[in-house]
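Q: Chains as they are written, first to last, in our numbering: chain A, 15 to 127; chain B, 1378 to 1490.
Heads up, some of the hints might be wrong.
[Said to hold, decoys possible] Derived lysine to any residue pairs resembling SDA-like cross-links, with alpha carbons at most 25 Å apart:
1. Lys1380/B - Glu68/A
2. Lys1380/B - Lys23/A
3. Lys23/A - Val1466/B
4. Lys1393/B - Val1466/B
5. Lys23/A - Pro1418/B
6. Lys1415/B - Gly66/A
7. Lys71/A - Asn1429/B
8. Lys1380/B - Gly98/A
I should point out that these hints are in silico values taken from the structure, not numbers from a laboratory. Note that this is a predicted model, so its numbers are computed, not measured.
Take a look at the letters that make up each chain.
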Amino acid sequence: DSGVTQTPKHLITATGQRVTLRCSPRSGDLSVYWYQQSLDQGLQFLIQYYNGEERAKGNILERFSAQQFPDLHSELNLSSLELGDSALYFCASSVVEYPYEQYFGPGTRLTVT
Amino acid sequence: AQKVTQAQTEISVVEKEDVTLDCVYETRDTTYYLFWYKQPPSGELVFLIRRNSFDEQNEISGRYSWNFQKSTSSFNFTITASQVVDSAVYFCALLDSNYQLIWGAGTKLIIKP
Chain A
15 DSGVTQTPKH
25 LITATGQRVT
35 LRCSPRSGDL
45 SVYWYQQSLD
55 QGLQFLIQYY
65 NGEERAKGNI
75 LERFSAQQFP
85 DLHSELNLSS
95 LELGDSALYF
105 CASSVVEYPY
115 EQYFGPGTRL
125 TVT
Chain B
1378 AQKVTQAQTE
1388 ISVVEKEDVT
1398 LDCVYETRDT
1408 TYYLFWYKQP
1418 PSGELVFLIR
1428 RNSFDEQNEI
1438 SGRYSWNFQK
1448 STSSFNFTIT
1458 ASQVVDSAVY
1468 FCALLDSNYQ
1478 LIWGAGTKLI
1488 IKP
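Generate the whole structure from the sequences, applying the supplied hints.
A: Now the structure itself:
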């Protein structure tokens, strides 16, 4: 158990809908990262927050957004969902932003039908 | 461009055999960090090791060992006396100066009893 929690574990929704994925980092970790893992794209970095501020952006679509709250938990919002958004979404956390190892949550499996 | 290549898509060995997973990276950064993660069938990503670019010492942790060679831009991972529990997908990743983890495609390791 990495200490990073993610909810929900599974999510099934329809195209065009909006969902929110939630992540709580390990105690003491200030940095949160979001990743998408799909069969065709592999593991891709989406976005990073450090102590409430956005620090880096990767291959995140405009339909997706995230934020980190004062209590350091983070939410990833996915809107206007398409079939291709079906994937495993991971949250990770680290003590500081760079260059320490990231500890991953169990992931949220999103299925868009 | 930053890139991580894991040329071995799948490796299958019999228990107790030694196995080496290859990782080759490309980066223009002089300071960078390399990681290995394990993804067992349960799906979570488990941190194994972090290595920085100015430390070329090999690392051994139990049955696991890592060989980092800057001259060939490789960071290979060897499991000695493999066990069925080692069956998983193993990812090599590069952390660049933009705070992004760039992932290899992963190597699926199957250990047969």
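Q: Give me the numbers of the hints this structure contradicts, sorted from smallest to largest.
A: 2 and 6
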